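In numbering that gives the first Met the number 0, the protein residues as written are 0 to 52.
Just so you know, these hints were derived from the structure itself, not from any lab.
Quick caveat, the model's predicted, so the values are computed rather than measured.
Possibly wrong hints are sitting among the right ones.
[Stated by the list, open to error] Label-pair ranges, simulated between beta-carbon atoms:
hint	residue 1	residue 2	range
1	Pro1	Glu35	12 to 22 angstroms
2	Ser29	Arg6	20 to 30 angstroms
3	Lys51	Arg6	17 to 27 angstroms
4	Glu7	Lys48	49 to 59 angstroms
5	Lys47	Arg5	37 to 47 angstroms
6	Ser29	Val3	33 to 43 angstroms
7	Ile31	Leu11	22 to 32 angstroms
8	Lys20	Glu43	28 to 38 angstroms
9	Lys33	Val3	15 to 25 angstroms
10	His4	Ile27	36 to 46 angstroms
11	Asp12	Lys47	33 to 43 angstroms
12	Lys32	Asp12	16 to 26 angstroms
[Claimed, not checked] Derived PhoX-like pairs (lysine-lysine); straight-line CA-CA distance at most 20 angstroms:
hint	residue 1	residue 2
13	Lys47	Lys32
14	Lys44	Lys20
15	Lys32	Lys46
16	Lys44	Lys32
17	Lys33	Lys44
18	Lys33	Lys20
19	Lys47	Lys33
Don't be surprised by glycine CBs; every beta carbon is placed ideally from N, CA and C.
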Amino acid sequence: MPAVHRREGEDLDSLIRRFKKECEREGILSEIKKREFFVPPSVEKRKKKGKKR
């Protein structure tokens, strides 16, 4: 989890913006979306094979 500390004189909007950028850079949202639903291993293998072609 990214840690963002408030800078001297920084408003809340810019703090939230920096936090969102940190989350995006670490790939947290994409990981959450990927794990939202269970995907059986057989389906994952099929998807990997399809991407290789």
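Hints versus structure:
A beta carbon spacing of about 20 angstroms between Pro1 and Glu35 agrees with the range 12 to 22 angstroms that was offered as a hint. The hint said 20 to 30 angstroms for the Cβ distance between Ser29 and Arg6, and at roughly 27 angstroms that hint holds. Checked against the hint of 17 to 27 angstroms, the C-beta distance between Lys51 and Arg6 comes to roughly 46 angstroms, which is inconsistent with it. At about 53 angstroms, the beta-carbon gap between Glu7 and Lys48 stays in the expected band of 49 to 59 angstroms.
Checking the proposed 37 to 47 angstroms range against Lys47 and Arg5 shows it holds: the Cβ atoms sit about 42 angstroms from each other. For the hinted restraint 33 to 43 angstroms between Ser29 and Val3, the CB-CB distance of approximately 19 angstroms leaves it violated. For the hinted restraint 22 to 32 angstroms between Ile31 and Leu11, the CB-CB distance of approximately 23 angstroms keeps it satisfied. A hinted range of 28 to 38 angstroms holds for the C-beta pair Lys20 and Glu43, which are about 30 angstroms apart.
With their beta carbons about 24 angstroms apart, Lys33 and Val3 fall inside the hinted range of 15 to 25 angstroms. Checked against the hint of 36 to 46 angstroms, the pair His4 and Ile27 fails, with Cβ atoms roughly 18 angstroms apart. Between Asp12 and Lys47 the Cβ separation comes to about 41 angstroms, which falls inside the hinted range of 33 to 43 angstroms. For Lys32 paired with Asp12, a C-beta distance near 25 angstroms keeps the hint of 16 to 26 angstroms intact.
Distance restraint check for Lys47 and Lys32: the Cα-Cα separation of roughly 18 angstroms lies within the 20 angstroms cut-off, and the hinted pair is therefore satisfied. For the suggested pair Lys44 and Lys20, the alpha carbons sit about 31 angstroms apart, so the restraint of at most 20 angstroms is broken. Note on Lys32 and Lys46: the hinted pairing holds, with a Cα-Cα distance of about 16 angstroms set against a maximum of 20 angstroms. Using a Cα cut-off of 20 angstroms, the hinted pair Lys44 and Lys32 holds, with the two alpha carbons roughly 18 angstroms apart.
Distance restraint check for Lys33 and Lys44: the Cα-Cα separation of roughly 15 angstroms lies within the 20 angstroms cut-off, and the hinted pair is therefore satisfied. For a cut-off of 20 angstroms, the pair hint linking Lys33 to Lys20 stands: about 19 angstroms separates their Cα positions. Between Lys47 and Lys33, the direct Cα distance comes to roughly 14 angstroms. Compliance with the 20 angstroms bound is thereby established for this hinted pair.
Hint violations for this structure: numbers 3, 6, 10, 14, all remaining hints satisfied.
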